[in-house]
Structure formats: C-alpha cells, structure tokens
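Here are the chains, one letter per residue:
Number of protein chains: 4
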Amino acid sequence: SVPPDAISAVKIFAPYSIYKGKAALSADPLLPTFSKLESGDYRVERRGVIMLTFWPAIGERKYDWEKRQKFALSATEIGSLISLGSKDSCEFFHDPSMQSSNAGQVRKSLSIKPHADGSGYFISLSVANNIQKTNDRFIVPVTSAEFAVLRTAFTFALPHIMGWDQYTSQLPHRPNQS
Amino acid sequence: SVPPDAISAVKIFAPYSIYKGKAALSADPLLPTFSKLESGDYRVERRGVIMLTFWPAIGERKYDWEKRQKFALSATEIGSLISLGSKDSCEFFHDPSMQSSNAGQVRKSLSIKPHADGSGYFISLSVANNIQKTNDRFIVPVTSAEFAVLRTAFTFALPHIMGWDQYTSQLPHRPNQS
Amino acid sequence: SVPPDAISAVKIFAPYSIYKGKAALSADPLLPTFSKLESGDYRVERRGVIMLTFWPAIGERKYDWEKRQKFALSATEIGSLISLGSKDSCEFFHDPSMQSSNAGQVRKSLSIKPHADGSGYFISLSVANNIQKTNDRFIVPVTSAEFAVLRTAFTFALPHIMGWDQYTSQLPHRPNQS
Amino acid sequence: SVPPDAISAVKIFAPYSIYKGKAALSADPLLPTFSKLESGDYRVERRGVIMLTFWPAIGERKYDWEKRQKFALSATEIGSLISLGSKDSCEFFHDPSMQSSNAGQVRKSLSIKPHADGSGYFISLSVANNIQKTNDRFIVPVTSAEFAVLRTAFTFALPHIMGWDQYTSQLPHRPNQS
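Chains as they are written, first to last, in this note's numbering: chain H, 10 to 187; chain D, 10 to 187; chain Y, 10 to 187; chain B, 10 to 187.
Accuracy of the hints is not assured; some may be wrong.
As the list makes no split between identical chains, a pair holds if one copy fits it or if it spans any two.
[Said to hold, decoys possible] Straight-line C-alpha distance at most 20 Å; calculated SDA-like pairs for lysine to any residue:
{"hint": "1", "residue 1": "20", "residue 2": "179"}
{"hint": "2", "residue 1": "20", "residue 2": "55"}
{"hint": "3", "residue 1": "29", "residue 2": "101"}
{"hint": "4", "residue 1": "122", "residue 2": "92"}
{"hint": "5", "residue 1": "76", "residue 2": "138"}
{"hint": "6", "residue 1": "71", "residue 2": "105"}
{"hint": "7", "residue 1": "29", "residue 2": "86"}
Hints listed in this document are in silico derivations from the structure and should not be mistaken for laboratory results.
Start from the sequences, fold in the hints, and give me the full structure.
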C-alpha cells in the first residue's frame, strides 16, 4: 500500500548533540543519493556528508535553534577529523555559494584545535556573511570522550556517506521455476 | 499472522559475561526507541545504553543473580571507555533518581582503573542506597583480552546505541507501474 | 516453498587461507546458535567461535587436507589476538574432551609469536593425542599484511560471534489497519 | 516481475576519486562471487578485490578516462595498505597474464611511498606492456586525510571482499504450521 518510491522519503532524526556553556553542537549523517542508469545500474548522484549544526546559548541551559548555522563535512574532511592526533589541529573553509554569482559573499570556516592539556578539542565555526552583514562565531569545547564518540560514529558513517554500504555481496539465486 | 508492531517486542539475550573470584560482570546493549512523527519520519525518543550488570560470588563458581546491580553507560561514557589508554582510568557517577524527590538517595559510581603492570583493568561498581541503608561494592579484574572484547563490542554497538544504524543509504525505487 | 527453518541450515564457505612452505592455515567464523524462549525472545545457546584449521604440506604447493587439525578461538581469545602488539606473543590451551572421561587425553595449544624483526608472526598449533599416540605440530609464518587481514576480519566477526549483530534498532511499526 | 537471478546483476557505482595535477585515482570494491553447491550451501568462487583505477590529466582539471589503467588489490594487499605506518612504504607486482602464454609480457607495479614530511603518500602505478610497447606511469599524491578515507573505506570493505559479510547470525525459525 505504501508506494515503493515513498520509502526513501522517510527521514531519521538521531543527532549526537553536545551542549556546552556558550553553544551547542550536533552531528548527523546525510546520505548520498543515487540515480538509476538506463542499464538498471545505480550511480551516486550527490555525495553524502556529515552535517554539523551549531546554535548559541541564550541563558542557562537555553539555546536558540533559530540562530543555527550548518557546516557539511565531506568524506575527505571526515577522514581528516577521524585521523586527528591528540595534539593536531585542522581547519576547513567552505563557500556555500561557490560557482554562483554570490561566490565569496559567505565564508564559513570550521576549526578543530586541541586543548592545551590534551583533554579534548575546541570545535569552532565562523560564518561571515557579507550580504547580511553578519558575523557568527560558535565555540564548543569537546572532551576526549565526546570526541571519541564523534570519531567512532563518523568512522561508522563514512562508508555510508560514500555509498559503499550499497556494495553488498549477494548469493546467487536461481530462477523460481528451476 | 504476527502483527508488525509485535516484531519490535522480540528481545535478544546475548550478554558478554566475565566471571571472576568475587563477582561477575556482564554487558549488553539496550537500543534506542524511536517515535514516529506526524510527517511519517522517525525521531529517537529514548537514547540507547550499554547495560553493565554486576552480581556477587557466593561460593566457588556460584553467583547470586538476585543481588545484581546495574549501571547504564551512555554514548559519551562508552566513548570514554573505548578510548581509554592502557594506563588511564575513568570514573562515572549516576543518580538513578535524579530530578525526582528521591534525588541523592541512591548514588552509583563505576570506576575503571588499570592494573599496575598494564595487564588489564579493575572495573568496580559501588551502590550506596540511603533509603535501604545498603552499600554494595563489586570489583571485577578484567584482562587485556577481555577488555579488548568489551572495546570491540562497544565500538560496534555505539552507532546502534545512537540510532545511527537507521541511517541507511537507499537506492531509488520506481513505482511498480513505471 | 523453502520451509523457513531450512534457511538457517544454509552454510557459507569463505575461509581466509594462508599457504606457506610447511603448512597452510585457514580461518572462518562459526556463528552462535540461539534458542527461542517461551516468551518468544531469543537467548544465545552456543557461543560462536572463529575456527582455525591447519593442514600440512606434502610437496610443492600440495597440502593434505585429511591431516587437518582445528582450533576454535573463543571471543576472549579473539580479543587477545586482535589487541596483540607487534612484539607481543600469546598462547592458548584447549582440551577438547574437557569435563568428559577423556579429559586430558588430547591437548591442543596455539601460540602466536612475533618474528624477530617485527615483520609478522609465527602461528603454531600443537596437538598431543594420548589415545592415538600422535603428536602433530604445524607452524605457519604470517606476514604483517596477512595478520592485518586476520585482525580486521576478526574485529568484524567478533560482534557476530557474540550474537551482538542480532541487537538491531527497530523503527516502530503500526499495525497495517491503522 | 524481476527474475531473482537478475538482482545480482545490478551494479553500484560509488567510487572514491582523488583528482590531482598529473593524474586521478579512484577506488571501488568488487565483491566476490559465490557458487551454489549441490548441498545447497555456498562457496566463494572468485575472491573480491578493491579495484584502483588511474587515468592521466590532459589539461587543467581535464582527465582522459580512455587512457586508464587498473590494479586489483587482493585481501592481503589491502591488509598491507590499511596497516601502513606514516613512514612505511609498500610495493605490489602483478602480471595480469600470469599462467598464460603471455606471462611476463605485461608487468604492473603499484607503490605507496610516504611524503618526506609525513603529510601523506605518493601512490604510483607503472604498467610496462611489452606487446604494445607501451610504458605508462601515474603518480597521485594523497594527503593524510584522503589516505584516512581509503583506510577506513578499505577496512569496511575488506570483510565484504572476503565474503565474510555473508556469515550472519540467524535466529531459529519455526515452520509456519507450528
């Protein structure tokens, strides 16, 4: 009774969220889409990402979801993050309007920097928007334990993000009549 | 003949158990529950945990299951445990009655401490119950090999605990008639 | 047309095999069995193992499968193997007749010892059979690359061996009529 | 309406591709095939591989797919690659015509060498073809982040390449009539 093409429209909400003093951070995977080729085969159409969402604290244990900003980690950026040593840092720059007439108007940068004592990282997002004349910055200190959850979950998700979970060994079937 | 909503009621019992001189310890995952939204989408309702159960020895190779105490590890506590170095220790505190009128009456603490020679860990649970005037303490020495099983199984289980196994790439389907 | 209980009888043969000068070694997982409880739930009945099989060379690239000997690695022994440092060794002892009248008549020992230059391990099986008055010994030198395959495959298999792959998050279903 | 044996013919295209100045490199898994035995069981017939494809740059951001060369990584070669330390190198030699009358006519070698500063690897393929009198060489510098993606994706794929994903615990079913 449910049409088959409706199935893929079901969404799952299971973000991993970290609430800290000045901002909150959540992560969830966004899977790739496939297109069906004339041959009947499937090709990845849009690569998956892990979406990071930051939103600011506006009081004790109160956060303003309306002021959220997003940053979509590619497979290679996920590779960078999951192989980060305890004293390493990394930074990624995105332009959401790249290759459009608004290129350069919005600049996002995500940085991950280790705590001085090796007990975790600061994960920060800056969003400079020249059109709206806004400049947002979020900093979320993340403990080693929280980062281990991110690393483990991202390592799990990476092959799914890439679409490699669709390569699945299949046993040979015989036609029903045989 | 089995109604679809009955399927999710099936339980699996496959604990990993470690029996030692003074107590036994077992671990098994408790998965999250989802609620169905009006949009037809699904949201995690109750996060999953890994449940640790301790019960005391009462003789040679005899253990008293009636005297068991439980400790539910959250995703972040699992992250702490699976990233523990061979000389690191960690400790978690739970109040099962938190945010109720009995808050503070029962205090549970789980500690993981390395053996002096790096050959494993002591995993201990203390439960102080002010209402029943009881104080239980369990210590289970765990070898490196046993801890490697816990680490591997917890790393496997963590994305399931978080509900991330529900994000699964789907190939596009065409309606049957096309 | 295939009765449902026949499905679980289908066997898969996909051993990972290492052929060396004096003997060959193969590994494949043997999954746990479950029993259905009166409640409709399932409990692990027999734990899974990873089965190692050794068989001797009897000429150039010729091996005698009839002379094979087996060693079943438990979850904890797998934990020991996958956490082995490049200079560590380990040894396991099994008595296949343990707790029977033949206890002690057959003694099996598996040892894993590092190459002096850290380039891999020697994996050896000794089987001393007092009843048949036989004493078999197999040594298979395993490169770091081959050991990495064993470690990765065993890490993948371990949660399946334990039955933890059966804990799978389930979305709530509604009865069809609702 | 789709015959069951047609299902296994569906192909998935989800390569991980790295485009650099002089050449591009992509990786995707090729799963094993199984044959059905008379007993109804299944045995791996042809092992899986991870297929690496190299093709040359012929201008700025332009690449010539017609000039591609392939290299099929076996399970053991994947084991070597995923356990490579940041200062290690490895090299594999393949003869695609091995054990045929053309043996030795085409020689392929894949080498992975660390950057001097530990920031990644050079992955190179040489193909010397004595019949066509050609000699192709591709070099793709790969960052640590890109290599982490390859390592994670290959670690995920390895058990599938080996066919171990087909060993899946099964709950006991009862015949429908009981």
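Here is what the structure says about each hint:
Proximity of residue 20 and residue 179 under a CA criterion of 20 Å is satisfied inter-copy only: 11 Å between copies versus 27 Å inside one chain copy. Proximity of residue 20 and residue 55 under a CA criterion of 20 Å is satisfied in both settings, with 17 Å inside one chain copy and 17 Å between copies. Proximity of residue 29 to residue 101 under the C-alpha cut-off of 20 Å is restricted to the inter-copy arrangement: shortest distance 19 Å between copies versus 22 Å within a copy. For the homomeric pair residue 122 and residue 92, the shortest alpha-carbon distances inside one copy (14 Å) and between copies (19 Å) are both at most 20 Å.
Proximity of residue 76 to residue 138 under the C-alpha cut-off of 20 Å is restricted to the intra-copy arrangement: shortest distance 14 Å within a copy versus 44 Å between copies. In this assembly of identical chains, residue 71 and residue 105 lie within 20 Å of each other by CA distance neither inside one copy nor across copies; the values are 28 Å within and 24 Å between. In the homo-oligomer, the alpha carbons of residue 29 and residue 86 lie at most 20 Å apart only across protomers (17 Å), although the nearest pairing inside one protomer, at 24 Å, exceeds that limit.
The structure fails hint 6 only (numbered hints given earlier).
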